[in-house]
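Novice: Generate coordinates for the entire structure from the input sequences, incorporating the hints supplied.
Taking the working numbering, the leading residue of the sequence shown gets 1, the next gets one more, and so forth.
Worth flagging that the hints you see were computed from the coordinates, not collected in a lab. Mixed in with the good hints, there may be bad ones.
[What the hints assert, rightly or not] Dumping the calculated DSBU-like pairs for lysine-lysine here, alpha-carbon to alpha-carbon at most 30 Å:
| hint | residue 1 | residue 2 |
| --- | --- | --- |
| 1 | Lys-130 | Lys-22 |
| 2 | Lys-134 | Lys-78 |
| 3 | Lys-16 | Lys-35 |
| 4 | Lys-171 | Lys-61 |
| 5 | Lys-81 | Lys-22 |
| 6 | Lys-208 | Lys-78 |
| 7 | Lys-78 | Lys-172 |
| 8 | Lys-143 | Lys-172 |
| 9 | Lys-97 | Lys-186 |
| 10 | Lys-97 | Lys-61 |
| 11 | Lys-196 | Lys-130 |
| 12 | Lys-171 | Lys-186 |
| 13 | Lys-143 | Lys-171 |
| 14 | Lys-134 | Lys-61 |
| 15 | Lys-186 | Lys-130 |
| 16 | Lys-22 | Lys-78 |
| 17 | Lys-97 | Lys-35 |
| 18 | Lys-61 | Lys-35 |
| 19 | Lys-35 | Lys-186 |
| 20 | Lys-143 | Lys-83 |
| 21 | Lys-186 | Lys-203 |
| 22 | Lys-97 | Lys-134 |
| 23 | Lys-130 | Lys-97 |
| 24 | Lys-194 | Lys-97 |
| 25 | Lys-35 | Lys-22 |
| 26 | Lys-196 | Lys-186 |
| 27 | Lys-97 | Lys-78 |
| 28 | Lys-97 | Lys-22 |
| 29 | Lys-15 | Lys-83 |
| 30 | Lys-172 | Lys-196 |
| 31 | Lys-203 | Lys-81 |
| 32 | Lys-130 | Lys-143 |
| 33 | Lys-172 | Lys-189 |
| 34 | Lys-83 | Lys-16 |
| 35 | Lys-83 | Lys-186 |
| 36 | Lys-172 | Lys-186 |
| 37 | Lys-61 | Lys-22 |
[As the list claims (entries may be wrong)] Estimated spans, in silico, between C-beta atoms of each pair:
| hint | residue 1 | residue 2 | range |
| --- | --- | --- | --- |
| 38 | Thr-28 | Lys-203 | 44 to 50 Å |
| 39 | Asp-111 | Lys-15 | 50 to 56 Å |
| 40 | Arg-44 | Asp-86 | 43 to 49 Å |
Because the structure is a prediction, the values reported are computed rather than measured. All residues carry an ideal CB built from backbone N, CA and C; glycine is no exception.
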Amino acid sequence: MINEVINIEFNERQKKIVDIVKEFQPITSEHIANKLNVSRSTLRSDLSILTMSGILEARPKVGYFYTEESDETMIYKKIEKIKVGDVKSLPVVVDEKVTVYDAIVTMFLEDIGSLYIVSEGYLAGVVSRKDLLKTAIGGNDIKSIPLSIIMTRMPNIIMTYTQENVFEAAKKIIIHQIDSLPVVEKHVKDGQEKYKVLGRLSKSNITKLFVEMVKEK
Numbered sequence: 001m002i003n004e005v006i007n008i009e010f011n012e013r014q015k016k017i018v019d020i021v022k023e024f025q026p027i028t029s030e031h032i033a034n035k036l037n038v039s040r041s042t043l044r045s046d047l048s049i050l051t052m053s054g055i056l057e058a059r060p061k062v063g064y065f066y067t068e069e070s071d072e073t074m075i076y077k078k079i080e081k082i083k084v085g086d087v088k089s090l091p092v093v094v095d096e097k098v099t100v101y102d103a104i105v106t107m108f109l110e111d112i113g114s115l116y117i118v119s120e121g122y123l124a125g126v127v128s129r130k131d132l133l134k135t136a137i138g139g140n141d142i143k144s145i146p147l148s149i150i151m152t153r154m155p156n157i158i159m160t161y162t163q164e165n166v167f168e169a170a171k172k173i174i175i176h177q178i179d180s181l182p183v184v185e186k187h188v189k190d191g192q193e194k195y196k197v198l199g200r201l202s203k204s205n206i207t208k209l210f211v212e213m214v215k216e217k
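Specialist: If you want it as C-alpha cells, here you go:
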C-alpha cells in the first residue's frame, strides 16, 4: 500500500508534498513551494522523484495531482458511486391473505430467501424461510394460515431506497443478519407513510456486483 512505500522510500519533505497535493490538488509547484516556505528550485528534484514513481501526475498549465491509490481505495470509490437502484432485482411480492402453504411453494419456485407481503399495494410485512419453516414444523394447518399471522410487520422491516449507496445497504444486511432488503419508494396516503415495493437487494446482488468489479479491474 502507498503509506508503506512513502514511509520507507521518501524523505520528510517528499511526504509533506504528497500530503499537500492530496489536500489541494490540482496545485502548482509555486503554491507547493509557498506552503513549504522553500523555493521552486528546491522542490524540483522532489517533484521529479514523486512524478517518476507514479505518486504524482503533472499536467501542464494545471498543476500536480495525487494518483497513487491502493486497490481498496479504488474499489471503495467505485462502490461509493453505485446506487441500490443500479443493482436491484425484481421483487417477489404476495398479498397478506396468501397462505403459508402457497408462500412456501412460491419461495421454492422463485428460489429466494424471503417474500415481501403487501396490503392494498403497499409493503405490510416480510416473511423469511425460517419463518415459514417454524410454522410448517409446528404442526399447524399451513393451508389455512395467512401470512399476515406470521410475518414481520411494519415498522420493524429494514428497507433501502433506489438512491441509497449500495455499500450502506449492504451494511444493513450484515448488521441485521437478513437475506435481502426491499427496495421501496415512500408515499404519503391519508397522512400516513406508505411504501411501494420497487425491487429487492439481496446478498446475491451484492456478490454479483463484487465479481463484476473484480473482472473490470
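Novice: Taking each numbered hint in turn, which are not upheld by the structure, reported in ascending numerical order?
Specialist: Of the numbered hints, 1, 2, 4, 8, 10, 13, 14, 17, 19, 20, 27, 28, 29 and 34 do not hold.
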